[in-house]
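**Q** Model the full structure from these sequences, guided by the hints.
Chains as they are written, first to last, in my numbering: chain A, 105 to 338; chain B, 302 to 485.
The hints are simulated quantities; they were obtained by calculation from the structure and are not laboratory data.
Predicted model only: the values in this text are computed from it and were never measured.
By construction, the Cβ of each residue, glycine as well, lies at the ideal position given by its N, Cα and C atoms.
Straight-line Cα separation of at most 20 angstroms, EDC-like style, residue types lysine to aspartate or glutamate; simulated pairs:
no. : chain 1 : residue 1 : chain 2 : residue 2
1   : A       : Lys264    : B       : Asp445
2   : B       : Lys327    : A       : Glu270
3   : B       : Lys327    : A       : Asp251
4   : B       : Lys327    : A       : Asp268
5   : A       : Lys250    : B       : Asp445
Chain A regions said to be covered by chain B (calculated; three or more residues, Cβ under 8 angstroms):
no. : region
6   : 250-263
7   : 266-275
8   : 320-333
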Amino acid sequence: MNGLGSALTVGAPLLMVAIIVVGVCAAVWNYKESKRRAAAIDATVAAHHLGHLDEDPARSTYFTSPPFGVGDNRRSRDVVWGTLEGRPFETFLYSYETHTTDSDGHRTTTTHRFQITWVPLAGPVPTMRMTSDNALLRGLTHLGAKDLEVESHAFNQQWKVVCDNERTGHAILTPRMIERFLQPDVGGRAYTFEGAALVSIAPQASDLGDLQFVVGMLNSIVDLVPRFLFEAPA
Amino acid sequence: MWVWIVVAIVVVVVLWAVVAYNGLVKLRNLVQEAWHQIDTELQRRHDLIPNLVETVKGYAAHERATFEAVTEARAAAANPGQSPAEQAKQENVLTQALGRLFAVAEAYPELKANVNFLQLQTELANTEDRVAAGRRFYNANVRDFNTRIETVPTSIIANMFHFVQAEYFETEDPAARQAPTVSF
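**A** Right, dumping it as structure tokens:
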């Protein structure tokens with residue numbers, strides 16, 4: 105008993121020290137990572153003559169589909185906008201917080217971060233959300249909402265599609281669009297057609313090193329949206 | 302006690318049957334509505350064709366066989382009251398005839414530059430996109446309806462009330478034949 109007591113007496117302070125060391129290391133790593141990310145963003149902004157704002161609360165209300173409108177302390181940081189290869193885009197780091205309380209009454213706050221990138225559509229369309237089989241992104245679609253199924257089994261397996269108007273959903277998901285969404289570069293993120301924008305939602309902060317790739321990929325999707333959706337029938 | 306249990310089971314079964322029946326009726330109506338939408342778009346497509354033929358005739362009057370093939374295919378496709386499968390067959394014949402008409406147009410640079418022809422071509426492409434979108438929506442509803450009819454236990458209600466499977470509308474999608482353009 106005495107042996108156990110003395111082990112606890114020595115072990116508890118050691119554990120505390122270990123926790124503090126890990127905490128300090130994590131804080132230093134976070135600081136260095138945010139400095140590196142900020143420098144990378146500045147370099148991208150300068151290279152492409154883009155606009156840049158450290159933070160803009162208005163962006164947090166641009167869209168209404170998840171992850172927007174969820175949780176509290178919603179923030180839109182590192183807002184970058186401009187044109188790439190003559191086509192406009194905007195990207196920002198969007199975050200919000202959720203809270204949980206355990207059985208002992210301890211409150212835990214979790215911060216969720218998403219890199220939002222959007223490009224304009226030729227006109228507004230009913231909202232359609234597409235999430236891949238990425239577990240982090242699955243939660244963005246409402247549980248129980250009807251999944252739009254298309255003629256491709258592979259697409260149905262890979263993507264969950266929820267839309268306000270099924271007719272428009274089937275109009276957007278042409279065979280070529282379905283084929284596009286089965287290509288590997290499109291995976292790993294969620295997409296929302298909302299208003300006159302196609303929004304990409306990546307489940308982690310980006311240093312914008314992949315900005316040209318993401319904007320090009322989004323525009324390749326926009327180019328496949330049938331034109332008649334934006335035109336009144338003759 | 303046993304009587305009440307039997308009554309409860311009967312009530313649950315009747316309620317389920319009502320819900321299943323109503324669900325089938327709702328789906329069948331959705332299939333019909335989706336078909337009417339396709340019908341409207343097909344009508345729009347058929348209405349564009351005479352103008353298109355007349356425009357091409359102005360530049361290539363001697364291609365009579367091609368014009369006649371398009372006109373005959375259009376008349377057959379515009380014939381009302383066809384089932385989705387019959388309609389699809391006629392539309393495919395019309396699509397092939399139109400393909401030959403556009404192949405003829407390729408040989409006439411002045412026709413290809415004609416504003417009226419270009420406008421008709423764009424309108425036809427848009428209408429075909431609309432038909433294709435309507436077809437996907439219709440077929441998705443048919444798939445839901447037929448699956449419901451074939452799967453147990455709804456199939457029992459479907460058989461009792463003589464719900465029959467809906468026909469798919471399978472046409473050649475001109476847009477699907479084009480290779481996707483991907484830019485990185």
